Amino acid sequence: MRYAVRRMTIPAAMLLAGSGCLSLDLGGQGITREHVDSAIRVGSAFAQANERLDDVQEYYVGRAVAARILSRFTVCADEAMQAYVNRVGHTVALHSDRPRTYGGYRFAVLEAPEPNAFAAPGGFVFVTSTLVRQLVSEDQLAGVLAHEVAHVSAKHGLAAIRSARFRGAVGTAILEGAQTFGDADAREAAGVLQGAVGDILETILERGYGREQEMEADERGTVFAYRAGYDPAGLSQFLESMHGAPPGGWTSSHPGADRRLVASREQVATHGMKGITAPVRTLRFRQFVPAQ
Amino acid sequence: MRWTANRVRAIAMAPLAAALLLAGGELPAQQEVQRLTVLTDEEPIRGQPSFFSNLVVRVPRGTAVDILGEQRGWAQVRVPGGATGWMHRSALTERQYEIRSTGRTTASAGTSPDEITLAAKGFNPDVERADRASATDANYDAVDRLEAWGVTAVDTETVQAFMQEGQLSSREDGP
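Protein sequences, first through last, are from chains A and B. In terms of the working numbering, the first sequence opens at residue 1 and continues consecutively. In terms of the working numbering, the second sequence opens at residue 1 and continues consecutively.
Any given hint could turn out to be false.
[Stated by the list, open to error] SDA-like, lysine to any residue: derived pairs with alpha carbons at most 25 Å apart:
hint, chain 1, residue 1, chain 2, residue 2
1, B, Lys-121, A, Glu-176
2, A, Lys-155, B, Asn-139
3, A, Lys-274, B, Gly-69
4, B, Lys-121, A, Arg-167
5, A, Lys-155, B, Asp-137
6, B, Lys-121, B, Ser-101
7, B, Lys-121, A, Ala-257
8, A, Lys-155, B, Thr-117
9, A, Lys-274, A, Lys-155
10, B, Lys-121, A, Gly-168
11, A, Lys-274, B, Arg-72
12, A, Lys-274, B, Lys-121
13, A, Lys-155, B, Ala-153
14, B, Lys-121, A, Leu-283
15, A, Lys-155, B, Ala-161
16, A, Lys-274, B, Glu-165
17, A, Lys-155, B, Glu-70
18, A, Lys-274, B, Ala-142
19, B, Lys-121, A, Val-136
20, A, Lys-155, B, Thr-156
21, A, Lys-274, B, Ala-153
22, A, Lys-274, B, Asp-126
23, A, Lys-274, B, Ser-101
24, A, Lys-155, B, Val-79
25, B, Lys-121, A, Gly-182
26, A, Lys-274, B, Arg-89
27, B, Lys-121, A, Ala-77
28, B, Lys-121, A, Glu-188
29, B, Lys-121, A, Thr-180
30, A, Lys-155, B, Glu-165
31, A, Lys-155, B, Gly-47
[Unchecked claim] Simulated restraints on C-beta separations:
hint, chain 1, residue 1, chain 2, residue 2, range
32, A, Arg-52, B, Ser-134, 44 to 52 Å
33, A, Pro-290, B, Ala-148, 40 to 48 Å
34, B, Asp-141, A, Thr-270, 46 to 54 Å
35, A, Ala-291, B, Ala-148, 40 to 48 Å
36, B, Gly-150, A, Val-280, 24 to 32 Å
37, B, Ser-170, A, Asp-183, 31 to 39 Å
38, B, Gln-164, A, Ala-164, 23 to 31 Å
39, B, Gly-73, A, Thr-270, 37 to 45 Å
40, B, Leu-55, A, Arg-286, 29 to 37 Å
Derived by calculation from the structure, the hints in this document are not laboratory data. This structure is a prediction, so every number in the text was calculated from the model and none was measured. Cβ coordinates follow ideal geometry from the N, Cα and C atoms, glycine included.
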């Protein structure tokens, strides 16, 4: 998967740059000096917000993102369904690579005509009522929520912030977690926050994450659902059901569904992850999400 | 006891060192005990490295704990007062914070202590207040309602019961 290659390639590229060894043939594509410089730049930018903002700052970025999402969408009033979705979500989150966050995970079903799901940094996970109604089992719901938990776990939201947001004294102080701000500086810091939030919203609502991050979220999400006891095929079943769906929502912000479907099936088969969609779970899913 | 550094020298090694000296042996290298801060509110310490293991004690956010060992994403810890058990590593941070009380109480059963926050630098409540004042497209009240909504706060015991009802068993052998 591309993300895994990138994670392995950056240190390797740095090593190559330091050693003067600049050509390594990987599947017919040689690494050049240009590739090495690019990898280092990408790695540096990725590391900035993704690794240097601490858990508490991540929480406040997540609140700011959630505040924008909740100004655009209404939270579904069906409290029983919200409670059910939260129980499924917390079950997969507890089996994730990052079961604990500063503010904890919160799941919410939003009223929206498009099928979509997205996560804000720190643990806010949103899924639209239209997507929930397109699912046919709890195991599929677990697969979708686990995919979003994987974005939180890997801090993909923070990685979407352009490094340029942190230029200048206040931006640098934020990235370093170096100081608290007086009123004037807090206003400037809020400007940095608003730019960062804009980058994240553009990514999760419009442009979508890159294919490598989506593939990583598929892979880790499938593992989280599997660890929780769910059928690991839940996500691929949903992806298959979306095959041929008109563009919009999940399909536009989660590109390459066909390739992801193939990869997800291969992952389950390769690792011998076996599971079944127990009827008792589908029955309770239908109790909270009636068939259309 | 007040600790002033994140890593402290383990005074527990002193008796062993004295015994070795008396026996003509060499002093062992001083062992460093890593001290980390609890990020999460009322975090449970478990008897085994599993969320479904027996509860030893809950500790408030900001508590400093000593790390005795690590195993598959879990840290074996000693909390102030001497109790030992296991916490998931994601509930711990190497950073140090001042702690503050919000004046609110937590939903924690029984104890109802004051809610504790960590006084972050950078993006923090002061910056959020400035954002609230200037942003026209942000609904922080809805975020506050979502966080305070009981249905979104699902504790481990509720997850365990939900899993049993749904015939779900944790698999430890996931890749």
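List in ascending order the numbers of the hints, as given earlier, that are violated by the structure.
3, 7, 9, 12, 14, 15, 18, 19, 21, 22, 23, 24, 26, 27, 30, 31, 32, 33, 35, 37, 38, 39
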